[in-house]
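*Asks:* Since each chain sits alone in its own frame, please combine them into the complex, following the hints.
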Amino acid sequence: MDELLREFIAETNEHLAVLERDLVALDRAPDDSGLVDDIFRNIHSIKGTCSFLGLKRLESLLHAAENALGKLRDEALLPASAATSTLLGACDRAKIIVATLAEDGREPEGADGDIVARLELAMRPLAVAGSAPMPVLPEPAAQSAPIAIRVNLDTIERLMAETSELVLARNQLMQTLHGRTDPEAALALQRLSQVTSDLQESVMKTRMQPIGQGWTKLPRMVRDLARDLGKKIELKLEGGETELDRQVLELVKDPFTHLMRNAADHGIETPSQRRRAGKPETGAVMLSACHEGSAIVITLADDGHGIDPERIRAAVRRGGFAGNAELEAMSEHQVLQFIFHPGFTTADRVTNVSGRGVGLDVVRSNAEKIGGAVEVASRLGRGTRFTIKIPLTLAIVPALLLDCSGQRFAIPQTAVAELVRSGFGHRIEWVDDAPMLRLRGSLLPLVGLSEVLQLGDGRKIEGERLIVVIGYGMHRFGLMVDGVDDAEKIVVKSLAPMLRGNRIFAGSTILGDGSVALILDPGALAARVAAAESVESAHVPKPLPNPAARGRGDGLLLFRAGGDTLKALRLAALLRIEEIAPEQIEQIDGKPVLLYHGAALPLHLFDAVPDGERRFVMIAAHDDRMCGFLADAVIDTMDDMPALDRSVAGAGMLGAVTIAGRPVEIVDAAYYVKAASTRLPAPKRSAA
Amino acid sequence: MSDYAAIRVGSWDFAVPVMQVRDVLRRNQLTPVPLAPRAVAGLLNLRGRIVTAIDLRVRLRLPPQEARSDAAYVVIESGSEYYALIVDSVGDVLPIDERRLGAEPLALDPRWRAVASAVYTMDTGPIVLLDIERLLDLAPARRAAS
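Chains as they are written, first to last, in numbering that gives the first Met the number 0: chain A, 0 to 687; chain B, 0 to 145.
Here chain B stands alone, though its shape is the one from the complex (with noise of 0.2 Å):
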């Protein structure tokens, strides 16, 4: 078993694993970064560590959503680095049973395949587990964009 969080965007449920997972933000000032590949939103200063903060929605190539006053950062760790996934709201804390993931159906989004680990089946309905390394490796996101 592992734990997993479960983040939304959209309509859209996702999950991380909570090893991972340093801190839950609401609303905070961003610095944005000129230059920088698409998905990434701008730094934050989290009790002076600066923090790279990742647009879900732009990353997974979701549409774009007007108003966001809700929105969450989830605060991950990854390389000695910290990031912040922007969502729009951040669930409970699932425990996975390794056993019961699914491969990936073949339902699933095809842009989400390079960032998705599995794909785990609730009752409510399928939650895509987010490979959080992936997830953070944009050089493919930003050969697409361009």
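The following block holds chain A by itself, in its conformation from the complex (with noise of 0.2 Å):
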């Protein structure tokens, strides 16, 4: 095909998604001249380009719709919902014709009669908005010089494999100078390894694109799909300019749409239901996108009905996904995330839209297979939130470097949760045969790496471990090694097709030593776990909310301690909750302490009972020094604290919340600690 006619359909494209999120707009903005103008400039412009080529049919239907549009401008008529989707018809027709165009190199056989009778026909004046003067046409802006060139996909990549292979050069060639080189050689690597970096840095940006040109085809979309389902829906866009990797931006389209799709079909009511909940008779659904460290955090918030957490634990039972005790001791923050298992599905509708049981699960092992995450939020009858978080470049992933039984293995830095030492405070308990890590008061299964990969006895686990906890959506795990090394940033290699068949390993690397290290998948690791986990469910017992399992600031803790009232901590000032028996509280100079580890722990009780069963203890700190709080009951945790009403707010409460129309007393945990430490001396600790 001749680089001309490849390169008017390159543009021609760019300016057919331009075309429609335009009309869109207008279809929401009706007297917006000013859109009508670029609309009218934007079919124009690819009309003179398609007789420059000799395009016949493309130039007949744009001039039809141009025509139509002219008509619109000059007489001041205001453009109907009618005329807009005729116009969007007749672009549709255009990117069919271009397709072909693209295939064949030349345009398809056929008229678009259809079309253009469609278009005269709905351009006859509906209403003639007063005589406003004719809008006259702005000049075009001068043309400047270019400032930006097209570049074929596979120079860039190519360019970006090479520039990998120059970082793993220099990376060895540090590595086998280090410390024996004269002064001047050192200056040159030194130089050397700075061009590298920013070279690397330079292409990089090169992949990057905003993200927003995965969104253009939304707003088409959400507007069909609102007509469809008779719905007013408001898409809002923010943060689309956010850069990422175009190779992410590829992964992560298609789950965008099928999460739109959701929140359009399931999470916005009609507009009647709508009013009859006191809301607008508009839904709005945004998308946002934003960058954090390395990652970029997309956002997609609905304020429809919500997630009915009944639903979800009704259809969870009928499905056979989880038994009812197990249910029963779900948070609500766990029972949503059943959302994402595979086969799961409410199924009380389905319709063409959505809601056939595929899909979310999808939407969660497509981010995850980048290293990714979703998450789910969602408050009964006030809206969901879904939130995915993606390295923001799949070339160079930073890792963490793990010893086992000699060997080195790489594990990607996303997965990593924190790393432990068992021993204090982290006892290995074993329910059964199964070891599992006692941390922050929750059970977390343990697997040793060498047990894994087959290398070595595997159970040896007395003693202490460096157990590294790894985060995989849903599934928490500690992984036992022999030690940690450095973290470092790698380039990923694909395994040879007989190496992929076990599936434990996601690709290999070469590290700054020049030699070859397997990189782990955490993915397949938490599948193992998951497996062994199944077998032995029954047995563990009921988990308790693990405060660091929820990174986020602002979350809360609630519970019940005597009376009605519940109270809440900020999860923030929490280290841990803990299990105790009514025993370990003990009254020293006639204030309750918990005897903790060998030490004696200040204990606040508010008006909690000290004894009858099991108690759970939870141990906020503050400035190097701890204080328990004694609670009858841990009822959940959130992810947000709602609006804090700080006229209640006095000595030990930081205000109230309101949650589920239930008043919660936020408990100010920095005040009981400073008034425990200063009527006790400082918990001793003794050999643990």
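Just so you know, the hints here were simulated from the structure itself, not pulled from any lab data. Idealized CB from N, CA, C, for every residue including glycine. Any given hint might turn out to be false.
So these bits of chain B aren't anywhere near chain A, every CB distance computed over 10 Å [to be verified]:
{"hint": "1", "residue": "10"}
{"hint": "2", "residue": "32"}
{"hint": "3", "residue": "74"}
{"hint": "4", "residue": "107"}
{"hint": "5", "residue": "121"}
{"hint": "6", "residue": "136"}
Restraint-style ranges between C-beta atoms, simulated for each label pair [what the hints assert, rightly or not]:
{"hint": "7", "chain 1": "B", "residue 1": "60", "chain 2": "A", "residue 2": "402", "range": "29 to 37 Å"}
{"hint": "8", "chain 1": "A", "residue 1": "527", "chain 2": "B", "residue 2": "1", "range": "46 to 54 Å"}
{"hint": "9", "chain 1": "B", "residue 1": "9", "chain 2": "A", "residue 2": "290", "range": "56 to 64 Å"}
{"hint": "10", "chain 1": "A", "residue 1": "432", "chain 2": "B", "residue 2": "23", "range": "49 to 57 Å"}
{"hint": "11", "chain 1": "B", "residue 1": "9", "chain 2": "A", "residue 2": "527", "range": "52 to 60 Å"}
{"hint": "12", "chain 1": "B", "residue 1": "9", "chain 2": "A", "residue 2": "482", "range": "32 to 40 Å"}
{"hint": "13", "chain 1": "B", "residue 1": "130", "chain 2": "A", "residue 2": "249", "range": "32 to 40 Å"}
*Replies:* As structure tokens, this is what we get:
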């Protein structure tokens, strides 16, 4: 195909995408004459090139569209929704023609009389908007020197691959020459190193695209969905200029389309339902993106009716995804996560838009495949929010190097939650035959890396062990290793086909010292742990909410301690939750303390009853001092803190919030920690 | 005429098509791959490219040998991946006349029938021409090993 035509196709596709976006915008704001001008200019410029290239069919189609639009503009008519729809239809037809053009190098056979007739019909005046003066087409902006050129994607990919190799070669050179070069060579090496890093960054930038390019189809889709479903939906896009690697962008496009359909179909209610619920008739769907470190966080929030946890529970029971007892023990947050289970469906309603029980698991697995994570939060009647966190680029991955049986393995940093040494405070316990780590009150399944890889004798768990806590989607588990080396940025290379069978390895990489290391696939490890767990799940005690699992600073832990008023502590203030026996509570100088790991920890009782069955103690820290809070029951965790009412704040109380219509007192942990340490000697630790 | 590179494993002679040979290496640092088929000796770094090393002794089901200090790695390309065949020594390039290729003699060791494309008779004795693609298909070997 000739170069000119190829360029025309690329350009026209972009023009058509803009055209579509503008038409959808016009549908919402029919009186925006500037928009009509933009659309007119856009169509006109494609048409111009068409006649130049002798593309008769496309030219006459666009000509009809241009005429219709010109009439709108010249007669200052307000475009009716029907007119916009017809123009969108013409836009669709143009896309089909361009697609065939790209494939065959010439226009498809056929005529567009149908569309042309509809265009003429649609532009019949419906209402004359006064006698507004004829808008004058502004002078096109003076042509300045081009600041962008088109580069073939293959060229960029090759540049990227070569740069990756250069980085590896640089790393090897630095390792080899380390400490035994004359100053001149060292200087040259330093310069090479700097230039290589800069080059790498620049090349990475060429692959970056604004995420908004993956969103161009969404406004049209939401508009069409809203029409089909008889709903009113307003789509807000924010942060479309946020850049990410084009490879990553390709991978997240589909999940977004899916989530968007879900929000329109299941999230947003019909106008009458919304009116009854006291909400504006038009539902809002907000898609936003922003950078967070080396990751991009994309949020899709709607103000629809939210996800009913009871419906999820019912569906979980129906589908046999979890037992009754297990389900009872779960927090609302945990129950919600079932929507990501393969095959999960609430299935009392299937529309042609979504809801066939496929999809959300794919969204999650797609995100996890590239080292990302998906979370859902929902409040019944208020809305649903999906958060997807994905790395900015796949080409270079920050990884942690682990030692196991004398070999080094890499694991992506994104999957590593923390490093823990078993021993004081973190006991390894045995539940039947399975090792578990007690970490901040919850039990974490453990798996030995040497056992998984069948290296050495495996189950030596005595003594101190180094444990890498892996967080992967819903899974959290501890990976026992012999040692942890450096963190290194690695270039992922795929394995030969004969090595892809076991799926424990995601690939291999060349380390700075030139040796090859295998990259562990956290997903495959998680699947192994999950498989082992399901066999043993009958014996796993009720999991306690794990404060560390909630990374967010404004999360809350809800609990009950005497009386009916719920209380909450901010998760950020909490170290861990322990289940204790009443005999562990003693009185020193008439004040309650908890005998805890050989030390006396000051304890605040609220009105909780310090005897009877087992109790929970939430341990909070402030300025290196600790205090325990006794609770009758731990209720739930929440990811965000609702609006705080400070008018009721007082000594030991930050204020109150309303959760599910009930008042909840927010306990000021720092106040109690300070108060406790003035009346007690600092808890002394005995050797544990 | 096609060129073949002669390789030796133990006291047996084999040959691989020169067209597919990319390099010959000596001593190399291998990273073992846990859970891999037995014939995979490990991964090595060839100028920034990761190469999967195949122990030809294991692959051809020959008796193991204790020390192999002077092992050679014959790097071959197959399906855009690089593999290194670990052999005891690499010999000359043999121009082989396809017209002189005999059908497999009945005497050919059954272990090699699956991986041999032909047997060529040299003045020094028979030499087994290896089919790289079949050699790299480890599935049957794995089944046999387990």
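*Asks:* With reference to the structure, classify each hint as holding or not holding.
*Replies:* Hint by hint, here is what the structure shows:
no. : hint                        : verdict
1   : 10                          : holds (28 Å)
2   : 32                          : violated (6 Å)
3   : 74                          : holds (13 Å)
4   : 107                         : holds (25 Å)
5   : 121                         : holds (31 Å)
6   : 136                         : violated (8 Å)
7   : 60(B) / 402(A): 29 to 37 Å  : holds (34 Å)
8   : 527(A) / 1(B): 46 to 54 Å   : holds (47 Å)
9   : 9(B) / 290(A): 56 to 64 Å   : holds (59 Å)
10  : 432(A) / 23(B): 49 to 57 Å  : holds (50 Å)
11  : 9(B) / 527(A): 52 to 60 Å   : violated (39 Å)
12  : 9(B) / 482(A): 32 to 40 Å   : holds (39 Å)
13  : 130(B) / 249(A): 32 to 40 Å : holds (38 Å)
Hints 2, 6 and 11 from the earlier list are contradicted by this structure; the remaining hints agree with it.
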